[in-house]
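If you want the building blocks of each chain, they are given just below.
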Amino acid sequence: MNPNSETQLVQAAQNGHLESFGALYERYHSSMVALAYSMLADRELAEDAAQEAFAIACRDLRSLKSKERFAAWLAGICRNVTRQMLRSKGRQVAVSVRGRAGNVNIEEHRRDAIREAVLQLRPAERELIVLRYYDNSPYEQIAQVLDISPQAVNGRLVRAKRKIAKYLKRNGFTGDDYETS
Amino acid sequence: MIMKRPENDKLLDEALSETIGSKKSRTDFEEWKQKHPEAVEMLTSRAGRQPSAEIRPLSIRRIIMKSPITKLAAAVVIIVGVGLGGLLFHSSSQITWADVLEQMRNVKTVTYLLIEQSADPSSDKPDSFRTDDRSRVLKDQAQAMWLWEGFMRFTADQVKTVGTEQLDGVETILFAAPINVVVGSGTSFTGRAHVWVDSQSAIPLRLIIEYTDDNGIRHREVLKDIQWEMTDVE
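Taken in sequence, the protein lines are chains C and S.
At position 130 of the first sequence (counting the first as 1) the number is 130 in the numbering used here, and the numbers step up by one without a gap.
At position 9 of the second sequence (counting the first as 1) the number is 9 in the numbering used here, and the numbers step up by one without a gap.
Any given hint could be a false lead.
[Claimed, not checked] With a cut-off of at most 27 Å between alpha-carbon atoms, the simulated DSS-like pairs for lysine-lysine come out as follows:
1. K10(S) x K166(C)
2. K67(C) x K33(S)
3. K160(S) x K224(S)
4. K67(C) x K160(S)
[Said to hold, decoys possible] Across the chosen pairs, the derived CB separations fall in these ranges:
5. K169(C) x V170(S): 39 to 47 Å
6. T44(S) x P138(C): 26 to 34 Å
7. K160(S) x E19(C): 39 to 47 Å
8. G155(C) x S45(S): 39 to 47 Å
9. E30(S) x K65(C): 28 to 36 Å
10. E107(C) x L167(S): 51 to 59 Å
11. E14(S) x Q151(C): 17 to 25 Å
12. R43(C) x G169(S): 49 to 57 Å
13. G169(S) x E68(C): 33 to 41 Å
Since the hints were derived computationally from the structure, they do not count as laboratory data.
Backbone N, C-alpha and C define an ideal beta-carbon position, used for all residues, glycine too.
Sequences and hints are given; from them, build the entire structure.
And the structure:
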C-alpha cells in the first residue's frame with residue numbers, strides 16, 4: 001500500500017472528487033465489514049454498519065485533519081455505528097453458539113468451538129483476529145485500520161491465537177491440533 | 001480436516017479462515033452511491049472549491065448526539081483524546097503515544113469523581129464558581145471504550161507540554177490543549193483542557209475542562225480520582 005497515494009486520495013476526496021472516495025471505499029470496505037462483524041457476529045448487519053460508516057465518513061471527511069490516518073478514523077466511525085446498532089437492537093456483543101441442538105458433526109462442533117474461542121477474546125483481540133481471517137487482509141492494511149505497526153499486528157496475532165489454541169485445548173480439541181508456538 | 005503437530009499454526013490459520021472467512025463481501029461502490037445520495041451530494045458539492053480554513057464540528061458529534069452518552073462523557077472523550085493526542089507532538093518525556101494507546105487498549109472500566117462548577121457573570125458574584133460534586137461511573141466496556149476512541153480519533157497540533165507536576169505524590173506530566181466541548185443540544189464550545197498523565201504508566205490521572213458557553217457562563221469540570229481497570233493481559 002502506498003501511503004502517499006492514500007493521502008492523495010483522501011485529499012482529493014476532501015476536495016469533492018467522488019472517484020477518490022470510491023477508491024478508498026474499495027480499499028477498506030471489507031475491513032470495515034470485518035470490524036463490524038467482530039462486534040455483531042452477523043454478516044448482514046456488519047455489511048449495513050460498514051455502509052453507514054462510509055456514509056458518515058463521506059459527509060464528514062473534511063473534518064479529518066490527519067489524512068494519513070484515514071483508515072483508523074474510518075474504523076472509529078465504524079465502531080461507533082456498530083455500537084449504535086447493538087444498543088438499538090438490544091443485542092449482546094456476540095451471538096452465542098452454545099446450546100446448538102440436534103445432530104452436529106465433528107466439523108460443525110469444531111467451528112462452533114473456534115467461534116466460541118474468538119468470542120472469548122478481548123474486543124481488541126477479536127477485532128484483530130476477524131480483520132485478519134475475514135478476508136485475509138494483509139498485516140499492513142490491518143495496521144492502518146488499527147493504527148498500530150505491522151510488527152504489533154504480528155505480535156498481537158500470535159498472542160490471540162495462543163489464547164484460541166488454549167481455549168480449544170481446554171474444550172476437548174487436542175493441543176496437537178491447534179497449539180501454537 | 002486432519003491436523004498434525006508440525007503444522008499447528010498453519011492449521012489454526014486454516015481453521016480460522018474457514019470459520020470466520022467471508023465468501024467475499026460485496027464491494028460495490030456504485031450501489032453504495034445510489035443508497036446514499038445525500039452523502040454523495042455533500043462530498044461532490046465541494047468539487048472545484050479550494051479547501052477552506054473553516055473548522056467544522058468534530059465528526060464524532062453526530063454519533064455522540066445519537067448516543068445516550070452524556071454531555072460530560074462526550075467532553076471527556078474529547079478532552080482525553082485531544083490532551084493525549086499531544087503526546088504525539090511532545091515527546092520530551094519517556095512516554096510515547098504508543099504507550100498510552102497500548103494502555104488504553106486494555107481498559108475495561110473507568111471510574112472517576114466529577115466536580116462540575118460554573119460561574120455566571122451576570123450574578124452578584126460573577127467570579128464565584130458554584131460547585132456540584134458527584135461521582136460518575138462508566139461501568140461497561142462499551143462505554144469505557146468511548147474514552148479509548150478519543151485517543152484514536154483526535155490529534156492536536158496546538159497541545160503544549162506544560163511540565164511535570166506532583167499529583168498526590170505521583171509524578172505527572174501536565175498537558176494543555178484547546179478543545180471543542182459538545183453539549184447536549186449539539187452546540188460546540190471551545191475551551192481549554194489540562195490533562196495530568198502518570199509519567200511512568202502513561203495513564204491519565206486527572207482532567208480539567210474549562211469553557212464558556214453562549215450565555216457567557218464559565219464552566220469548569222474536574223475529573224479526579226480516575227481509576228482505570230484493565231483487562232487481564234497475558
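Now the hints, each set against the structure:
1. K10(S) x K166(C): holds, 16 Å
2. K67(C) x K33(S): holds, 22 Å
3. K160(S) x K224(S): With Cα atoms ~21 Å apart, K160(S) and K224(S) stay inside 27 Å; holds.
4. K67(C) x K160(S): Holds: K67(C) and K160(S) sit about 22 Å apart, inside 27 Å.
5. K169(C) x V170(S): 39 to 47 Å: holds, 41 Å
6. T44(S) x P138(C): 26 to 34 Å: holds, 31 Å
7. K160(S) x E19(C): 39 to 47 Å: For E19(C) against K160(S), whose Cβ atoms are near 40 Å apart, the range 39 to 47 Å holds.
8. G155(C) x S45(S): 39 to 47 Å: Given about 44 Å between the Cβ atoms, the range holds.
9. E30(S) x K65(C): 28 to 36 Å: With Cβ atoms ~30 Å apart, the hint holds.
10. E107(C) x L167(S): 51 to 59 Å: Check passed, 57 Å falls within 51 to 59 Å.
11. E14(S) x Q151(C): 17 to 25 Å: Given a distance of about 24 Å, which is inside 17 to 25 Å, the answer is holds.
12. R43(C) x G169(S): 49 to 57 Å: Since the Cβ atoms of R43(C) and G169(S) sit about 52 Å apart, the hinted range of 49 to 57 Å holds.
13. G169(S) x E68(C): 33 to 41 Å: Because 39 Å falls inside the window, the suggested range holds.
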